[in-house]
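Q: Let the sequences and hints guide you as you build the complete structure.
So the sequences go chain by chain: A and B.
Residue 343 in our numbering sits at position 343 of the first sequence; the count goes up by one each step and never skips.
Residue 323 in our numbering sits at position 323 of the second sequence; the count goes up by one each step and never skips.
Don't take each hint at face value.
Lysine to aspartate or glutamate pairs mimicking EDC-like chemistry, simulated, CA-CA at most 20 angstroms apart [stated by the list, open to error]: (1) A/Lys302 <-> A/Glu371; (2) A/Lys134 <-> B/Asp287; (3) A/Lys248 <-> B/Asp100; (4) A/Lys134 <-> A/Asp329; (5) A/Lys134 <-> A/Asp337; (6) B/Lys7 <-> B/Asp215; (7) A/Lys180 <-> B/Asp287; (8) A/Lys38 <-> A/Glu303; (9) A/Lys38 <-> A/Glu250; (10) A/Lys248 <-> A/Glu371; (11) B/Lys95 <-> B/Asp300; (12) B/Lys117 <-> A/Glu303; (13) A/Lys180 <-> A/Asp136; (14) A/Lys180 <-> B/Asp215; (15) B/Lys117 <-> B/Glu295; (16) A/Lys134 <-> A/Glu42; (17) A/Lys302 <-> A/Asp329; (18) B/Lys95 <-> A/Glu250.
Read the hints as simulated data drawn from the structure, not as lab findings.
A quick note: this is a predicted structure, and the numbers were derived from the prediction, not measured.
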Amino acid sequence: MEGLLYEPRSLWSIANVPATSNPQVVRLNRQHFYNGSKWPIELRRVALIGVNYLFGSSIPTVGSLADETAAVINRCRLRIASPQNYFFNSRRTILDAAMAPLPTAQPPQGLTPGDAGEVANYLPSSRWGQCMLKFDNVVRLPRTGSIEWWLSAHTPYPEITEAGAPEDAAVRAWMLYQEKGGMFAGSARFARVPLLPYTGNLTQLNPQDRWPYQPDGYGVGVPGSPATNDWWPGVSSFPTGGPRGFTKQESTRSGSTELTDMRVFIDQLLYDQRLYENLANRPAPLSMRTGTRVRTGNSGSKEWWWRPGAPLALVFDHITPALVMQLADPITLAPQDSLEIEMEFPPNVPDQEENTTFHVGISFNGFTTIEG
Amino acid sequence: MMPVPAKNDPRYLDYVIRLGAENKIRDGIINEPRLYFAEIPVPAVTDLIVQGAPEVFYNGEQFPVRLTHMLACTRYLNQTPAVDNPLNIQRIGLKLRFNDQFYMNQAVLPLPIWGNKPVAAPEAFSAANSHWDLVAAAMPFVLAVRDSLIIQLQLQDVADPASPVPVTVAFHGIGALSHRPYIFTGTLELDSITPASMSSVDFRNDGAEPVVITDITMNVGAPTASGDPLGNIDRVRLRIQQAGHGTNANWIIGPNGGGGGPVTPMAQTTLFGVTTGRAVVHQFPGDGLLWQPGEGITADIEALVTGMTSVLALAFAGYIMVT
Numbered sequence: 001m002e003g004l005l006y007e008p009r010s011l012w013s014i015a016n017v018p019a020t021s022n023p024q025v026v027r028l029n030r031q032h033f034y035n036g037s038k039w040p041i042e043l044r045r046v047a048l049i050g051v052n053y054l055f056g057s058s059i060p061t062v063g064s065l066a067d068e069t070a071a072v073i074n075r076c077r078l079r080i081a082s083p084q085n086y087f088f089n090s091r092r093t094i095l096d097a098a099m100a101p102l103p104t105a106q107p108p109q110g111l112t113p114g115d116a117g118e119v120a121n122y123l124p125s126s127r128w129g130q131c132m133l134k135f136d137n138v139v140r141l142p143r144t145g146s147i148e149w150w151l152s153a154h155t156p157y158p159e160i161t162e163a164g165a166p167e168d169a170a171v172r173a174w175m176l177y178q179e180k181g182g183m184f185a186g187s188a189r190f191a192r193v194p195l196l197p198y199t200g201n202l203t204q205l206n207p208q209d210r211w212p213y214q215p216d217g218y219g220v221g222v223p224g225s226p227a228t229n230d231w232w233p234g235v236s237s238f239p240t241g242g243p244r245g246f247t248k249q250e251s252t253r254s255g256s257t258e259l260t261d262m263r264v265f266i267d268q269l270l271y272d273q274r275l276y277e278n279l280a281n282r283p284a285p286l287s288m289r290t291g292t293r294v295r296t297g298n299s300g301s302k303e304w305w306w307r308p309g310a311p312l313a314l315v316f317d318h319i320t321p322a323l324v325m326q327l328a329d330p331i332t333l334a335p336q337d338s339l340e341i342e343m344e345f346p347p348n349v350p351d352q353e354e355n356t357t358f359h360v361g362i363s364f365n366g367f368t369t370i371e372g
Numbered sequence: 001m002m003p004v005p006a007k008n009d010p011r012y013l014d015y016v017i018r019l020g021a022e023n024k025i026r027d028g029i030i031n032e033p034r035l036y037f038a039e040i041p042v043p044a045v046t047d048l049i050v051q052g053a054p055e056v057f058y059n060g061e062q063f064p065v066r067l068t069h070m071l072a073c074t075r076y077l078n079q080t081p082a083v084d085n086p087l088n089i090q091r092i093g094l095k096l097r098f099n100d101q102f103y104m105n106q107a108v109l110p111l112p113i114w115g116n117k118p119v120a121a122p123e124a125f126s127a128a129n130s131h132w133d134l135v136a137a138a139m140p141f142v143l144a145v146r147d148s149l150i151i152q153l154q155l156q157d158v159a160d161p162a163s164p165v166p167v168t169v170a171f172h173g174i175g176a177l178s179h180r181p182y183i184f185t186g187t188l189e190l191d192s193i194t195p196a197s198m199s200s201v202d203f204r205n206d207g208a209e210p211v212v213i214t215d216i217t218m219n220v221g222a223p224t225a226s227g228d229p230l231g232n233i234d235r236v237r238l239r240i241q242q243a244g245h246g247t248n249a250n251w252i253i254g255p256n257g258g259g260g261g262p263v264t265p266m267a268q269t270t271l272f273g274v275t276t277g278r279a280v281v282h283q284f285p286g287d288g289l290l291w292q293p294g295e296g297i298t299a300d301i302e303a304l305v306t307g308m309t310s311v312l313a314l315a316f317a318g319y320i321m322v323t
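A: In structure tokens form, the structure reads like this:
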């Protein structure tokens, strides 16, 4: 293909911060914000989310909807520097930091009179289980081009294994590409895949895939339930070929394909219900615990669009449970450039699950421009 | 189509007035909102496709219609009838057919994955509001001098409520000549399940200039004698019609009377939440789908689990172009 091609890019990391009674400054790994490719990356948005959290409490009361993710994010202070070209220093909370939060949330569960009795006295992790990545620029694939998209396994909550009756088997994800063209001016290709709990030893994973979970208390296999010891199980990928693969779902057999966005719907209603019954707590969306990786095949850069394993919620930033902010000016990161990120936390940030460490994910999302 | 300026952008006023001018009343061109909706009982078994009322998603006018958005939610009452769980929308699959083309795919897809537009209102208001920004999402319409709007409402409850349910409908606009803002608003307390009309006086343009209407918002309040903090937008159905200029036709096209519904089609207010609300909103690619007279869409609905009792409320929003 001639001309310029565009592909999404994200640079992301997760801060694993010991919970202490002292204020802390955490400098994130520079390697995670390093542009190691040969093309410049234009970063337009910042996404932040607490990872590995339950939501607030058993609901349904309006006040309890504030969750610990919010507590972490609202207390975090952020400093961003990119050598020679960008410096953003705010020692104030992010919400004061002059960056505009984008409306990315699904409608809240909230209190809807008439609903309360109908949701079996619990509220699920989200209303629709959605995540969406809207491309800043159309991703163009040639006639023979393909795209490879994986979802990782996820580490179950420790309490699930104690209960002995997880419903992880019921968790399904629908993965979808939206493309232009056709009489409807668009069409979509989709795959339905299981999301499986991970039973392997997290310390043996590629360090890039291992976030942020510690092996103790996690990843215990539950006899009889579908699970995997493969962090990237093949069944949880959008196949490029096969009867329902990417190439077989083409809407037209001529010309190139223009993709405009990718979406995921995670059906975890049963999973949420079982967790609630065992924990009396509101679970968080699995998009905060499931990693993803994407790359084009036979076209484009053929590089992973982000360091593999990024939580869905961090990189799918158009509809997401994460807090997403538009950068006032985009950051252009030349090849071999790196961002420096510092986060500052006050003392006593709450952490319900581990009591020792809290986890904050941050990503810088945008796109790269490639010669065709 | 040029990008829509933000409402605090100085260019917004000019943009709206220019769009309003495209409603070339003198030349006999009228753009008016339209909402085509159906209420389709979801089968109790999987692998069974149903299509609801086939006559609804059909352009029976002499003029083209541009559909910009699709909206989906569960009807307030399910087939039992009891108040349904809105989360059941996650268990309903859909595919569309138009001139023998499938959209988005030849397989049914669960409705949440259709959603490609964030529509969440703040936590404290989300459950009770719907908002349709006619500038960003469709085409504004002109409320000419001495025109009014006829708005009819109905509670979807099984029986009369214990205390009245206040419903507020508001139209926001800009004067075509003065560029001053206008708000036409009315509130009606619904104390029975009998359809009721709002006062057309509240919505009459008594000024000296046409008004370009840019926004429609709806709010369902908590019953007056209850301690609830807010109402439920799902609880009410509604229809709108312009009196005076415009087509004078009902904007809401839906099934007549079937399933105990009102004789004149009225859509659940959730389905007006094109911009903000509680429905799954799918924005069609590009400028939307152009529906020529006589064209229709077939919606194939399938239950993704067994035992469903929900009724799917499905709508296509857009505007008619009367030339």
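Q: Take the hints in turn and mark each one as holding or not.
A: Now for the hints, and whether the structure bears them out:
Taking the CA atoms of A/Lys302 and A/Glu371, the gap is near 13 angstroms; set against the 20 angstroms cutoff, the hint holds. Between A/Lys134 and B/Asp287 the alpha-carbon distance is near 17 angstroms, which keeps this suggested pair within the 20 angstroms criterion. With a C-alpha separation of about 19 angstroms, the suggested pairing of A/Lys248 with B/Asp100 holds against the 20 angstroms cut-off. Between A/Lys134 and A/Asp329 the alpha-carbon distance is near 19 angstroms, which keeps this suggested pair within the 20 angstroms criterion.
This hinted pair does not check out: A/Lys134 and A/Asp337 have alpha carbons roughly 25 angstroms apart, beyond 20 angstroms. A threshold of 20 angstroms between alpha carbons decides the hint, and for B/Lys7 with B/Asp215 the separation of about 11 angstroms falls inside it, so the pair holds. For the hint linking A/Lys180 to B/Asp287, the alpha-carbon distance of about 12 angstroms falls within 20 angstroms, and the restraint holds. Annotation: proposed proximity of A/Lys38 to A/Glu303 holds, straight-line Cα distance about 11 angstroms (limit 20 angstroms).
A distance of roughly 31 angstroms separates the Cα atoms of A/Lys38 and A/Glu250; the hinted pair therefore is violated under the 20 angstroms criterion. At roughly 27 angstroms between alpha-carbon atoms, A/Lys248 and A/Glu371 are farther apart than 20 angstroms, so this suggested pair is violated. Straight-line distance between C-alpha atoms of B/Lys95 and B/Asp300 comes to about 5 angstroms, which keeps the hinted pair within the 20 angstroms bound. Annotation: proposed proximity of B/Lys117 to A/Glu303 is violated, straight-line Cα distance about 29 angstroms (limit 20 angstroms).
For the given pair, A/Lys180 sits about 15 angstroms from A/Asp136 by alpha-carbon distance, which is consistent with the 20 angstroms threshold. Taken as a hint, the A/Lys180 and B/Asp215 pair is broken in the structure, with Cα atoms around 29 angstroms apart against an allowance of 20 angstroms. Annotation: proposed proximity of B/Lys117 to B/Glu295 is violated, straight-line Cα distance about 26 angstroms (limit 20 angstroms). As the CA atoms of A/Lys134 and A/Glu42 are separated by approximately 15 angstroms, the hinted pair is consistent with the 20 angstroms bound.
For a cut-off of 20 angstroms, the pair hint linking A/Lys302 to A/Asp329 is broken: about 28 angstroms separates their Cα positions. In summary, the hint linking B/Lys95 to A/Glu250 is supported, as the alpha carbons are separated by about 16 angstroms, within the 20 angstroms threshold.
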